[in-house]
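Put together the whole structure using the sequences plus the hints.
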Amino acid sequence: MADAPVRLLERVLQQRVTLMLKDGRELSGRLLGVDEHMNLVLDDADETGPETRRRLGRLILRGSNVITLHAPQGPAAKP
Amino acid sequence: MADAPVRLLERVLQQRVTLMLKDGRELSGRLLGVDEHMNLVLDDADETGPETRRRLGRLILRGSNVITLHAPQGPAAKP
Amino acid sequence: MADAPVRLLERVLQQRVTLMLKDGRELSGRLLGVDEHMNLVLDDADETGPETRRRLGRLILRGSNVITLHAPQGPAAKP
Amino acid sequence: MADAPVRLLERVLQQRVTLMLKDGRELSGRLLGVDEHMNLVLDDADETGPETRRRLGRLILRGSNVITLHAPQGPAAKP
Amino acid sequence: MADAPVRLLERVLQQRVTLMLKDGRELSGRLLGVDEHMNLVLDDADETGPETRRRLGRLILRGSNVITLHAPQGPAAKP
Amino acid sequence: MADAPVRLLERVLQQRVTLMLKDGRELSGRLLGVDEHMNLVLDDADETGPETRRRLGRLILRGSNVITLHAPQGPAAKP
Amino acid sequence: MADAPVRLLERVLQQRVTLMLKDGRELSGRLLGVDEHMNLVLDDADETGPETRRRLGRLILRGSNVITLHAPQGPAAKP
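Protein chains in written order, with the numbering used here: chain G, 4 to 82; chain Z, 4 to 82; chain V, 4 to 82; chain X, 4 to 82; chain Y, 4 to 82; chain L, 4 to 82; chain E, 4 to 82.
These are computed hints drawn from the structure, not numbers from a lab.
Using N, Cα and C, we set each Cβ at its ideal position, and we do this for glycine too.
Be aware that a few hints might be false.
To be verified - Derived Cβ-Cβ restraints for the label pairs, each shown as a range:
1) E:T55 to V:A7: 29 to 39 angstroms
2) X:R14 to V:R14: 17 to 27 angstroms
3) Z:S67 to Y:E13: 21 to 31 angstroms
4) Z:A7 to V:G60: 14 to 24 angstroms
5) V:G60 to Z:D38: 20 to 30 angstroms
6) L:S31 to X:R10: 15 to 25 angstroms
7) G:G60 to Y:K25: 45 to 55 angstroms
Have a look at this one:
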């Protein structure tokens, strides 16, 4: 009955996601990949700090820095 | 005799839960999923900081950020 | 000869316990369950901060946040 | 030739020990039990902060919070 | 369908990468090697702090200090 | 060709060692024992803080608190 | 094609290396040994703080405290 967290991640691949990080920054980007440690690959990524914004392009994020990930567009319907 | 913590989590699926996080924020949302690391999927989530509130929709929360989870409505009766 | 910590936890089930957490807060509640990570289920829980007190009802606490747990009433006599 | 740390712990069971914790507090109490994570059971425990002292009775301490443990009385002679 | 994070790292070998570290510093350098802990070998590395910049040459970076890695030049086309 | 760190520890048993800890304190004492987590047993230990010094006698130190250990006297010659 | 981080460490044995630590200090010394946790043995070590410098001789450093290691002299040519 439950949606496992890792399954949801797979269902938002190719969508734009927003991440809150432990150091207070926020990243957003299109989710290209993920592994079992929640390490992520983002494309067209932006970093948003309290007073800054910068474009980072494609990047790898270590999963241990993540607090939350949300996908405003929502996951694709279950097949 | 004891209620194992993971069992209680399964019994509050689909209910609204409130989470206190290590960074001082509070999240609430409907619990859609959970895994063995206490990674959670929440729906209709809200974040409440000391001076802020924002709607986050569906999100994934890494379990390592959680201090406590409570379900005001209480778990369903044991079957 | 020694009392293993996990055994003592099992012997205070159903009793009221007080927890000191790493973030400086204190929680108390009736201990309903425990697992091998010292994740706990509490009932009728209260949170006591330096200037606050609030009722939380039933909750799950991740064991990694705990410094100490004590049971003012003491464990039941060994069978 | 070496005294393994865990062996020394077993040899000070039933003695009064003093613990320095990572959050700056100091605990003392009679050592009733220990496990392989250095989780401890103390009896007649006192907490000593920079400006406070309070009696805690019997408690469980998670080993990950410990910096040092010392037994002023010294371990019993080796059998 | 997904690009695993570790695969992307292998595809930017020999390219210049920029790293954001947990302590707020930024490092850049040419990526010479990587292992499964995301420990990295960089050549011609520079450190950029809020007010400092220094040349470090070839260095080893422990992966646990990394928040993000990005490769401005982008990965080579998939073979 | 290399001297493994754990081998060096075994070769300074019974010697006086000085430890720098993560919380800024310094401990010194005669090294009586060590295990694979770098948990240590020290005898005749002293703690030296920025403004304090106190005698601690025999103690157990959890290895996870250690930054460096040095043995001013140097290791015994290799057999 | 890639130079694994641990291989590079083995190729700078006997050379002088400089280490940046998580607590902001810097250590340098001749690298005598290393293990799989990146625990290191240094000889003729110096510690350099923002306002201090002291000679430490031979020491053991726990790898978990390391951010970066660099070898100004560079690794020996590959055999």
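These are the hints, each one checked on the structure:
1. E:T55 to V:A7: 29 to 39 angstroms: Since T55 of chain E and A7 of chain V have Cβ atoms about 45 angstroms apart, the given range 29 to 39 angstroms is violated.
2. X:R14 to V:R14: 17 to 27 angstroms: Hint holds: Cβ distance 25 angstroms, inside 17 to 27 angstroms.
3. Z:S67 to Y:E13: 21 to 31 angstroms: holds (27 angstroms)
4. Z:A7 to V:G60: 14 to 24 angstroms: holds (19 angstroms)
5. V:G60 to Z:D38: 20 to 30 angstroms: 24 angstroms Cβ-Cβ, so the 20 to 30 angstroms window holds.
6. L:S31 to X:R10: 15 to 25 angstroms: holds (22 angstroms)
7. G:G60 to Y:K25: 45 to 55 angstroms: At 21 angstroms between Cβs, range violated.
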